[in-house]
Amino acid sequence: MVDAAIVVDNVSKSFRLANDPMRSLKERVLGLGRKGHQEFVALRDVNVTVNRGETLGVLGHNGSGKSTLLKCIAGILPPTAGQIQTRGRLASLLELGAGFHPELTGRENVFINASFLGISKRNIARRFGEIVDFAELEQFIDEPVKHYSSGMYVRLGFAVAVNVDPDILLVDEVLAVGDERFQRKCIEKIRRFQQEGRTILLVTHSAETVRQICDRAVVLHHGDLVANGKPAEAISEFRARLANERGGEVPKEHDGHPAPTLIGAPTVRSPDGTTVMTIRTGDSVQFRFDVEADVAVADAVVEVELKDRDGRMLHTTASSPFRLSGGPMSVTMDLEHVPLVDGEYPISIRLLETISGRLVDWRDQLDTLFIRNGPARDGLVAIPATLTVTNPEGDAVATSTTATAGVTAPTAL
Amino acid sequence: MREIVRYRELLARLIGRELKVRYKNSTLGFVWSMVQPLFLLVVYAAVFSILGTSFADFPLWILCGLLIWNMVSTAVLTATSSITSNAYLVGKVRFPRAVLPLSMVGAALVHFFLQMLVFVVLILATRHQVDWTFMWLVPLALLVSVVVASAFALLLSTANVFSRDTQHLLELSLLAWFWLTPVIYQYDRLALWLSDHGVPAGIFLINPLTSVVIVFQRAFYGRASVPTDDNSGQIINLLPSDGPMWYLRNLAITGGVGLTLFVLALVMFDRAESRFAESL
Numbered sequence: 017m018v019d020a021a022i023v024v025d026n027v028s029k030s031f032r033l034a035n036d037p038m039r040s041l042k043e044r045v046l047g048l049g050r051k052g053h054q055e056f057v058a059l060r061d062v063n064v065t066v067n068r069g070e071t072l073g074v075l076g077h078n079g080s081g082k083s084t085l086l087k088c089i090a091g092i093l094p095p096t097a098g099q100i101q102t103r104g105r106l107a108s109l110l111e112l113g114a115g116f117h118p119e120l121t122g123r124e125n126v127f128i129n130a131s132f133l134g135i136s137k138r139n140i141a142r143r144f145g146e147i148v149d150f151a152e153l154e155q156f157i158d159e160p161v162k163h164y165s166s167g168m169y170v171r172l173g174f175a176v177a178v179n180v181d182p183d184i185l186l187v188d189e190v191l192a193v194g195d196e197r198f199q200r201k202c203i204e205k206i207r208r209f210q211q212e213g214r215t216i217l218l219v220t221h222s223a224e225t226v227r228q229i230c231d232r233a234v235v236l237h238h239g240d241l242v243a244n245g246k247p248a249e250a251i252s253e254f255r256a257r258l259a260n261e262r263g264g265e266v267p268k269e270h271d272g273h274p275a276p277t278l279i280g281a282p283t284v285r286s287p288d289g290t291t292v293m294t295i296r297t298g299d300s301v302q303f304r305f306d307v308e309a310d311v312a313v314a315d316a317v318v319e320v321e322l323k324d325r326d327g328r329m330l331h332t333t334a335s336s337p338f339r340l341s342g343g344p345m346s347v348t349m350d351l352e353h354v355p356l357v358d359g360e361y362p363i364s365i366r367l368l369e370t371i372s373g374r375l376v377d378w379r380d381q382l383d384t385l386f387i388r389n390g391p392a393r394d395g396l397v398a399i400p401a402t403l404t405v406t407n408p409e410g411d412a413v414a415t416s417t418t419a420t421a422g423v424t425a426p427t428a429l
Numbered sequence: 140m141r142e143i144v145r146y147r148e149l150l151a152r153l154i155g156r157e158l159k160v161r162y163k164n165s166t167l168g169f170v171w172s173m174v175q176p177l178f179l180l181v182v183y184a185a186v187f188s189i190l191g192t193s194f195a196d197f198p199l200w201i202l203c204g205l206l207i208w209n210m211v212s213t214a215v216l217t218a219t220s221s222i223t224s225n226a227y228l229v230g231k232v233r234f235p236r237a238v239l240p241l242s243m244v245g246a247a248l249v250h251f252f253l254q255m256l257v258f259v260v261l262i263l264a265t266r267h268q269v270d271w272t273f274m275w276l277v278p279l280a281l282l283v284s285v286v287v288a289s290a291f292a293l294l295l296s297t298a299n300v301f302s303r304d305t306q307h308l309l310e311l312s313l314l315a316w317f318w319l320t321p322v323i324y325q326y327d328r329l330a331l332w333l334s335d336h337g338v339p340a341g342i343f344l345i346n347p348l349t350s351v352v353i354v355f356q357r358a359f360y361g362r363a364s365v366p367t368d369d370n371s372g373q374i375i376n377l378l379p380s381d382g383p384m385w386y387l388r389n390l391a392i393t394g395g396v397g398l399t400l401f402v403l404a405l406v407m408f409d410r411a412e413s414r415f416a417e418s419l
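Protein sequences appear in the order of chains B and P.
Read in order, the letters of the first sequence correspond to residues 17 to 429 in my numbering.
Read in order, the letters of the second sequence correspond to residues 140 to 419 in my numbering.
Please keep in mind that the hints were generated in silico from the structure rather than gathered at the bench.
Treat the hints with care, since some could be wrong.
As the list claims (entries may be wrong) - Selected chain P positions facing chain B (in silico; Cβ < 10 Å): (1) E148; (2) L153; (3) Y227; (4) L228; (5) R414.
Claimed, not checked - Listed below are the simulated DSBU-like cross-link pairs for lysine-lysine, each with C-alpha atoms no more than 35 Å apart in a straight line: (6) B/K201 x P/K159; (7) P/K163 x B/K201; (8) B/K137 x B/K201.
Beta carbons: idealized from backbone N, C-alpha and C, even for Gly.
For reference, chain P alone in the conformation it holds in the complex (with noise of 0.2 Å):
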């Protein structure tokens, strides 16, 4: 760990590099992940407005989720061939092995920042409501969500350089993850299908991102339930309407678990560390 702090001057290179090959020899460079949100939402209301929502401003709804769904999947994604795609490297010269996987979610960040900015110009251009009082939640869940990233990271491309099977399980998996996420539904229609299933809906939070996910949610689309699109005057529930220290709680309770475990990586890392330039 201290290794690493000081090499962090490689790793903030690291993370320039990887942005910076990203867009060598293309003419717009980092618009094209601005453009990205943009282009969602005009895809999502697009469809919506043919399929029918059930609720309004439902693209921006998804985005409230998918921006920061994709900051985490990116960097686990990007992170666990970070190791097996720079073999050349881990083979010639010395260094904390680490600020691979760990650049790479520090550009997803990046990434991130970008279309958050863009995401927050549609919100500004559409006079969309925020709910200012949840958030202070969102700095808090975004390093929940940094924390979790990196031990996958740590995890996964260290798994992927003894076995090359990790990085195909992972693809798998991060489609099953993205829709155990609320991101697209919402979390009170899960919360309600638990509970009719006699299942505590705390289960939920097993997932690390669900807590993360409704903040960004809770925070930025504003409300915790809106009526339908119909005009009948019914109320869909969208999320808990809990204040903010419920948000709070579920917060410190996966932030506690992906902190744990973000040592854990640590530790597995360090001690895989050593063996790996032979191993590729």
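The shape of chain B in the complex, shown without the other chains (with noise of 0.2 Å):
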């Protein structure tokens, strides 16, 4: 074996549900003559081994049991059966700011947090500037931490984790917060976590974390461990895992009704039929995607929507009525000069009954538009803009256009 900072080795996990153990002493008399107790198996038979210095990301929708495994190799639940050893120092930031107490400042709470992942006070009181200028509290760390902004809380606590030296550090799901600036702060700090060797386990259930940092990731679902191997192949896996569970879930809400409906993935093409990966503001596009219904949905009407990557709806056009069935129909949505600045455009499709008014199957996140035009630009919509400066003797100072295009071009008179 290869130098491993972890190795989970057969590791099982199961919860007793239901009351057990009960809680009170009520609860036990009452519950005398009851027998047995429901077991949940949250992970089986799971192996993974991940070498110094690589980091791993573990990806699996809710419920999958990856938070599970997380905590079984954090030491805070023990596994029910197999072994798991760790090597090294090992921070686990299951949770920004857990053991933070509202009630004291954040100066107090560096220190105890501290203490809790074993640092000792003149180590932290070293490193205590790098970590209020990590988190940019410098005006605020003497205040009490539950006069803090959500993101102030988790800036503080990240920023505490990744300077106490770890050997292995354990994240779980917590970049997911933060502004999009801290975001980028944070995987900057990863990537030099990487570069000095050091060992990352990332649990999450963002594709794109796993596809900006990881060296390998595995797939939980429930429970199982299902891939293993490089980003792009756990991915696909994970997506196939997700769209099946999804495809299998509507049927058994609406009783008896079989999978009714396949949604293939969109292809993007340009207006020259070429399929493209990025446009620039401005293009044209143009979405192409099958359906398929085993059972005819009589008025069935197709949505596309774009969101942005913070789940802000931006677009969406509906399908006129029409009737689903048999074979797959095609469906192709133009979108002219699309007019959205730089950025990732998480392409959805919805099916809905318009009777019922039932959504009939759905992808979220099917496939993804990516914008770039070179020099990023705030805002969201790209607007054909003109802005000029005239001086008190009515001459033009100061002038620049915003072409659809998004590139901003300053003219100098």
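Starting from the two chains in their separate frames, assemble the complex, guided by the hints.
Have a look at this one:
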């Protein structure tokens, strides 16, 4: 075994459900007659090895057991079976700011939080400035943290955890919080960790994060480890499981309805018909995908949604009702002169039945539309604009024009 | 145990946190816990000047036993809920859980020291005679009470994770425990009652706090017996008239029992600890 930092050997974890352990005497007395209890298996024979210096992503939908795995590795939960070995000092960020006391100031909490991680007072005092710097809380460090915004809270928590020099860093989902700038900062910090040869285990349901920073990824599905390989492979497995799951969920809600539809992955094409990955602001683009139904939907409506990365709806177009039955029907949607600034825009598709208003099927973030112009611009939409500054004599002294292409062309007069 | 030693800094921080949080947003802060013995003394003095006391400096006598009793009962009571009330920590952060109940004992100890400070000032102010030949037993008695409190802290905080009834049962038990400890009444009275009923007085040492409390009383109150208030020349026996060795023997016995209990509690805590996170 090459220098493993974490070895998870055949680990299973199950929880007892319902009234066990029975919390009060009353329940215990009344529960005497009841026999047995339900077991919920959160992890089943999981084997993972994380090499030193490696960054491993753990992907899984909610309830897949990924957080349980992390807690087992962190030593918070004992595995029901199997063994876990870790080598080196371990810092876990299961929740940013876990361990903060709301009544105490940021400064006091930094020290307490650090001692939870087993860091001596002297060491933490030495790095205190760095922590406060990283968290950008100079002004507020002596305020009780109950007055902090959630963003400030998160920043301080992350700052402490990454400044305690762990050999192994366990991170759960925490990169999803904080504003974009801070997220970038966290990712930079994580990259530096990688360069320093530290081991990172990152639990997330964001394929994007895994693609960005992981060397390898595993996928957990209902407690089973179903994939272990390159990020791209793991992500596609994760997506497939997710799609399956969602396809399977719908008929359960509407009893007796078999898995009704198939929504294919859309292709993104430029107007000349070539498949593109990235467009520029103001370009026209076409999405194309197939829909198929085993059981006919009399008055189906297809909706295509374009959101931004924060999940804000930017655009939606719905078809008029049509009868969906039999073989694949192809759907095309043309977007003309997309006026969006640089960014990534997930594409979601929804299939509805108009009479009942029932959501027949949907695919979230099936694909992503990328817009790239070069220099990034703030804002949401690109509106062709001209800005002119005129002096008292009526001469324009400065002008700039924003073309649809999103490139600012400043002109000095 | 080694883990706890390694995390002693965390223990110190948690004690600090407990104290800070308790006095956050109060202008007087620590003064409150120092005012308490003073206030108790005034109240007792007022009450007993109306009811009539049986012997001199009766309020001071009560304080001799009450402060150390308060230390133990506060420690055990706060420690019992220390793990359940920090469930969010236990579920999210790895650290030896024993520091939680032990920090409560530590916090109670700090309070005790503050109150003792005031108590000593009171003794000086009232020019009460203490008995120096017994004073060296006081640190030992304090040690025994800390060991006993820690043992109960570990046992009961664990029990409370698995059954929240522990907390409620404890509140009742502490009331009984208080009256089974010679704080308000004098030890000698009880010993007399026991021997009248053919029970050996030694049985009272089952209560580990008895031997602790009587040391404090013997040293700070300074006398084993006092004349009654009414100038009738009668003598009230408060405590056995034995020398320091008798008190030491009692302390040694309860100390030994307390230490055994503490070790057992540690072993049990160690076994149960890993199940805390999922039981909360």
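Discussion item. Between the alpha carbons of B/K137 and B/K201, is the straight-line distance 35 Å or under?
Written reply: holds, 26 Å
Worksheet item: Do the numbers back the hint for P/L228, that is, is its least Cβ distance to chain B under 10 Å?
Response: holds, 6 Å
Item to complete: Given the hint that B/K201 pairs with P/K159, test it: the Cα-Cα distance must not exceed 35 Å.
Response: holds, 33 Å
Fill in: Status of the hint placing P/R414 at chain B (closest C-beta pair under 10 Å)
holds, 7 Å
Discussion item. Checking hints one by one. Is P/Y227 an interface residue toward chain B, by the C-beta closer than 10 Å rule?
Written reply: holds, 6 Å
Worksheet item: Does P/E148 pass the interface check with chain B, least Cβ-Cβ distance below 10 Å?
Response: Holds: closest Cβ of chain B sits about 5 Å from P/E148, inside 10 Å.
Fill in: Hint check, P/L153 versus chain B [nearest Cβ-Cβ separation less than 10 Å]
holds, 7 Å
Discussion item. Given the hinted pair P/K163 and B/K201, is their Cα-Cα distance within 35 Å?
Written reply: holds, 34 Å
Checked against the numbered hints given earlier, the structure satisfies every one of them.
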